[in-house]
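Could you put together the complete structure from these sequences and hints?
Protein chains in written order, with this note's numbering: chain Z, 65 to 291; chain G, 65 to 291; chain R, 65 to 291; chain E, 65 to 291; chain W, 65 to 291; chain L, 65 to 291.
Where hints are given, some of them may not hold.
Copies of one chain are not kept apart here, so a pair can be met inside one copy or by any two copies together.
As the list claims (entries may be wrong) - Simulated crosslink set (SDA-like; lysine to any residue; CA at most 20 Å straight-line):
hint: 1; residue 1: K208; residue 2: G172
hint: 2; residue 1: K130; residue 2: Q174
hint: 3; residue 1: K130; residue 2: D271
hint: 4; residue 1: K208; residue 2: A117
hint: 5; residue 1: K208; residue 2: T171
hint: 6; residue 1: K130; residue 2: T173
hint: 7; residue 1: K130; residue 2: V167
hint: 8; residue 1: K208; residue 2: E227
Read the hints as simulated data drawn from the structure, not as lab findings.
All values derive from a computational prediction rather than experimental measurement.
6 protein chains.
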Amino acid sequence: MLIAIPDVLQREEALALGRAIASASWVDGNVTSGAGAALAKRNRQLPEDGEAAREARMTVQRALAKSPLFLSAALPHAIYPPLFNRYSIGDGFGDHVDNAIRVDPATGTQIRTDLSATLFLTDPSDYDGGDLVVSGNFGEVAYKLPAGHMLLYPSTSIHHVSEVTRGERISSFFWIESLVRENEARETLFDLDQSIQHLTIAHGAGDAEVLRLTGIYHNLVRRWAKA
Amino acid sequence: MLIAIPDVLQREEALALGRAIASASWVDGNVTSGAGAALAKRNRQLPEDGEAAREARMTVQRALAKSPLFLSAALPHAIYPPLFNRYSIGDGFGDHVDNAIRVDPATGTQIRTDLSATLFLTDPSDYDGGDLVVSGNFGEVAYKLPAGHMLLYPSTSIHHVSEVTRGERISSFFWIESLVRENEARETLFDLDQSIQHLTIAHGAGDAEVLRLTGIYHNLVRRWAKA
Amino acid sequence: MLIAIPDVLQREEALALGRAIASASWVDGNVTSGAGAALAKRNRQLPEDGEAAREARMTVQRALAKSPLFLSAALPHAIYPPLFNRYSIGDGFGDHVDNAIRVDPATGTQIRTDLSATLFLTDPSDYDGGDLVVSGNFGEVAYKLPAGHMLLYPSTSIHHVSEVTRGERISSFFWIESLVRENEARETLFDLDQSIQHLTIAHGAGDAEVLRLTGIYHNLVRRWAKA
Amino acid sequence: MLIAIPDVLQREEALALGRAIASASWVDGNVTSGAGAALAKRNRQLPEDGEAAREARMTVQRALAKSPLFLSAALPHAIYPPLFNRYSIGDGFGDHVDNAIRVDPATGTQIRTDLSATLFLTDPSDYDGGDLVVSGNFGEVAYKLPAGHMLLYPSTSIHHVSEVTRGERISSFFWIESLVRENEARETLFDLDQSIQHLTIAHGAGDAEVLRLTGIYHNLVRRWAKA
Amino acid sequence: MLIAIPDVLQREEALALGRAIASASWVDGNVTSGAGAALAKRNRQLPEDGEAAREARMTVQRALAKSPLFLSAALPHAIYPPLFNRYSIGDGFGDHVDNAIRVDPATGTQIRTDLSATLFLTDPSDYDGGDLVVSGNFGEVAYKLPAGHMLLYPSTSIHHVSEVTRGERISSFFWIESLVRENEARETLFDLDQSIQHLTIAHGAGDAEVLRLTGIYHNLVRRWAKA
Amino acid sequence: MLIAIPDVLQREEALALGRAIASASWVDGNVTSGAGAALAKRNRQLPEDGEAAREARMTVQRALAKSPLFLSAALPHAIYPPLFNRYSIGDGFGDHVDNAIRVDPATGTQIRTDLSATLFLTDPSDYDGGDLVVSGNFGEVAYKLPAGHMLLYPSTSIHHVSEVTRGERISSFFWIESLVRENEARETLFDLDQSIQHLTIAHGAGDAEVLRLTGIYHNLVRRWAKA
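Pasting the structure below:
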């Protein structure tokens, strides 16, 4: 599932975060790339162990923990500590598939990258180009979201960031190992959760079908979680 | 899932079918047993290729095709041609698990026995003993249903028929290869189908949640069918 | 995977087929719909057992058997006998998910609908509206292909045909049960087959890596086929 | 699998534990409920972070680690820190399915609830009502075990506690993430382990079939563990 | 599992069959090869539709149906109609993996090639070279069996026939789609079946552990068959 | 997959390690055995918590982390802390299957033993007998590798160490839980990785097919990792 999640950070909060890290010192983005990707990548990243990254990371982590839409769509089991990148004029990132396994630098834990996320810290009006273009099993779609919005998409997809031709694009990006590995299973759970929420609003949490569907939801999670 | 399905045949129809085949000639029930089961089995069966069995079989097959509860609970892919057995005084069948694969004598097709079914052609008042006792993952439960009712239960279970001590018990029995092999997956689909039917009655077939849940149902069938 | 396959029929052949069946008699399209879909469907279909449908069906079946791109992308195990529909002004088909299981009317075989296909028999210039709009895990994309081209897309997707506002749209449509049930597995095999074909052209069929990758391809098919 | 495990605690030990925590202060049981469950739940629980709960928890954990029947039937990968509840007159808990994922408060680890357990700390003669009623794929069965005995049952089941009408029922309850997620696979392993133990007693640990079956057991665990 | 099955045909019967077909007319072996294999193959085959092949095929099919070891090890769901090949001096077949899917020419059914079989119709003393060399996950092993014996091996393996340097080697070869797709699962079932047979001989078919293990065997077949 | 990995340690380094631990004190090898294995085992082991074992363990762990062939073939998720054993004249270890689950003594983590490894610390010329004999689905193969080489083989296999009849054999042994549980899946990934490495050397890391195959590799890892 590809889903655009609005207001993970409030717009002002996102822009402030972008400005705060913009003034830190940045390094070549290839520090986190696999061998194949390195050829295609032209951008900068915030060093993971700097003070600026540490604070910004915690801001993003707190926001994720409070986003019901993110939690329902991603069913996160582990989240790679958020990173930050910056595309200036002439920067871009060619077509690639993300590496399947990342090691969390803080804990040494292997994280399977089921989902990729980009949280926008600049507004579309701040730059030209810089589209996140995802090629999936339904063709190619380009995304450029307002500051504070986040694109969540399967790490199985081929994707690229088109060349920036004006201004600058600053984002946070990271990967999620979901409790539910398979994209189509996770989508089914998301749809079922949406149905249950609508029925709960319409008929109450004690409604017999709400209770039955909730049981089905938990038994499907049980079947697919960590499996 | 173990489920008692009422009125697969109307009571009078079931009793008439039982009487009709009772007058045919019967043989030792071990003709259809695996090696281990033979030790434990004491009953008689109607020869598969006789005229009486042929007609009775078609009556049962027509009844199954018209039972929505059977179709929703079993999601049949193939049904072994129904057989008929008869427990007289002193007969019974010790604990056993049904063979996993049966060959349809008509077509030579291998049928995986996911579900076992017993359709009762005599009434509980016609005999003492003769309970169908199913030991599953929730303990042991004994069943003795009215004529025309059918017990559908996982072929993975250990089950036995207790000794008949009065009268006679006549039934049809057979196995089903389901589109959905796994018992728990089939149960989830049955529950979801029940929910969709209740919501359709309450809110109409065009209701947005009915449509969404119907899509989820079909995508889950697609995921599990023949897999 | 969603894929547009060009020239399944040559353009003239496709248009001729469309004209040939246009003059036959048509019926309400809901004859093949599930209960939910019926509410949303407004179109006409060619009766399955008519002479016109029989000949047109064979034309489409012969074309499919000769399309390497279709065979590689779909890995067909069973193909539902092609049907034909017709959207005139005011016709359309609301959002729906296709039924998971269809029974082949010729053989009685259950077909799991993994993939849906629409083969266009009129040109985009012949009508306005009538887009095939597929909503998948990468958003919503609208398709309207030239006569003779075919759209192949996962039956798991929600899709609709937008209202025709000028002219008429005639197509063949059908479903495929693939040897490989899972969409992502089938896509991986398609990508690997493409790679092998490119490497074969570049380095020859006897190249060591071509042979090794061909072995990997067959072992992955073996793992996933009919499973 | 549903299984009643006798003497996880000796009867006197269990009753003493029940008396010891009875005098601590208790809170509304809904502190650990999911949203749906809260509607149906009327009981009290021991606060997780109190001294009484801490000691009682360790008593239960030590007992579990020494129960071969529990270890063989549950194949535990993670055990939620045992909780304690108390049903007084008028208390009960309506039909519900347990939440699929619980977070261990001590470690922050997500625990998939494959199995639910109730360890009885009062005797059946101490109260009326208060049955643990489990509805599974073999119908509904009610349980009320002696002090020190434990009921282990699939968390996929719908279950309720009937209203207490006399006296008081005190228990420990918790969830287990098994190495083997699937109920039927876990049951097969339990049956095979029972067979190996019987054959070992009869023919010795060095018997050729004991060795072969032990190899099969370990290879089945390897296939299913954490998968 | 790779297994050598003795006496599928009696030695004299096998040699007689080899002599009988030797006098028929043979064609280039590449008629049944996939594209990659064709490069590596130098042998002759008996045309599938000739009278000689038809009779020889039936002889082999009857022998397979009567071999308990073949049936237990292969758990056949479909057997490709046996073919016959002949390696003369200078002939051989380079390393290759068999195609995953074959179409039964008689029925049009797709057969997944889980297992490959070679039934030897000449004796090792009749030729030099001509070893069947199988490279699996335990290294490379060469086989050359007496007339009437059969090698059954996973079609997933890379294998070749070394060049014949003296005499001539005549064999029947074919593929099996097993009820149980996965090699390791099929091996576990074979081991369990062997154990049950040994325990039955030692303790009788009515022994409690024989019955329990037989139930486990059938439930494992049920879990894996056609899945 | 069974694979012999050369030079995990340099020959001199391996022999020096063997000599260093030889002078420590050793205990009966049955300290780490399951019940069945104990009957068949006659060797000595280095106590896990001694100073000699601690240092030797770190030497082996550092070597494993630097072996690309080990990392690609095993895709390790967890490695049991390496142990050390010693077979003197008359010692040996009968046929057995390794236990499925081991608990890491350092962390308490359960490790599923997918792969077994033996790193040889003495040379084949130092002893007679002492072969590591692995019986897998391709028959039985005996291994005796030079000092510093390591045999990696599926823990599902039955294996034994033949009796030592001259000299002494010292090795490190341990188990690996792979990211990819299934042997055949892991082998496919290894083959694909080998192909990508060869194509990268021949055509460069930016070659279109190298990039496509790398994407396929990562999506297959994603599909199978931790699943």
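**Request:** Tell me, please, which holds for K130 and V167 at an alpha-carbon limit of 20 Å: within, between, both or neither?
**Result:** This pair counts as between: shortest inter-copy Cα distance 16 Å, intra-copy 25 Å.
**Asked** Taking 20 Å as the upper bound on the Cα-Cα distance, should K208 and G172 be classified as within, between, both, or neither?
**Response** Answer is neither; intra-copy 33 Å and inter-copy 35 Å both fail.
**Asked** Taking 20 Å as the upper bound on the Cα-Cα distance, should K130 and D271 be classified as within, between, both, or neither?
**Response** neither (27 Å within a copy, 31 Å between copies)
**Prompt:** What label fits K130 with T173 when the C-alpha limit is 20 Å: within, between, both, or neither?
**Reply:** between (24 Å within a copy, 18 Å between copies)
**Message:** With identical chains, the pair K208 and T171 could be close in the same copy or across copies; at 20 Å between alpha carbons, which is it: within, between, both, or neither?
**Reply:** Cα proximity of K208 and T171: none, with 32 Å in one copy and 38 Å across.
**Prompt:** What label fits K130 with Q174 when the C-alpha limit is 20 Å: within, between, both, or neither?
**Reply:** Classified as between: cross-chain Cα gap 18 Å, same-chain 24 Å, threshold 20 Å.
**Request:** State whether the alpha carbon distance between K208 and E227 is at most 20 Å within one copy, between copies, both, or neither.
**Result:** Result: close within a single copy only, 13 Å intra versus 30 Å inter.
**Asked** Within a copy, between copies, both or neither: where do K208 and A117 come within 20 Å Cα-Cα?
**Response** neither (23 Å within a copy, 47 Å between copies)
In this structure, the hints that do not hold are numbers 1, 3, 4 and 5, in rising order.
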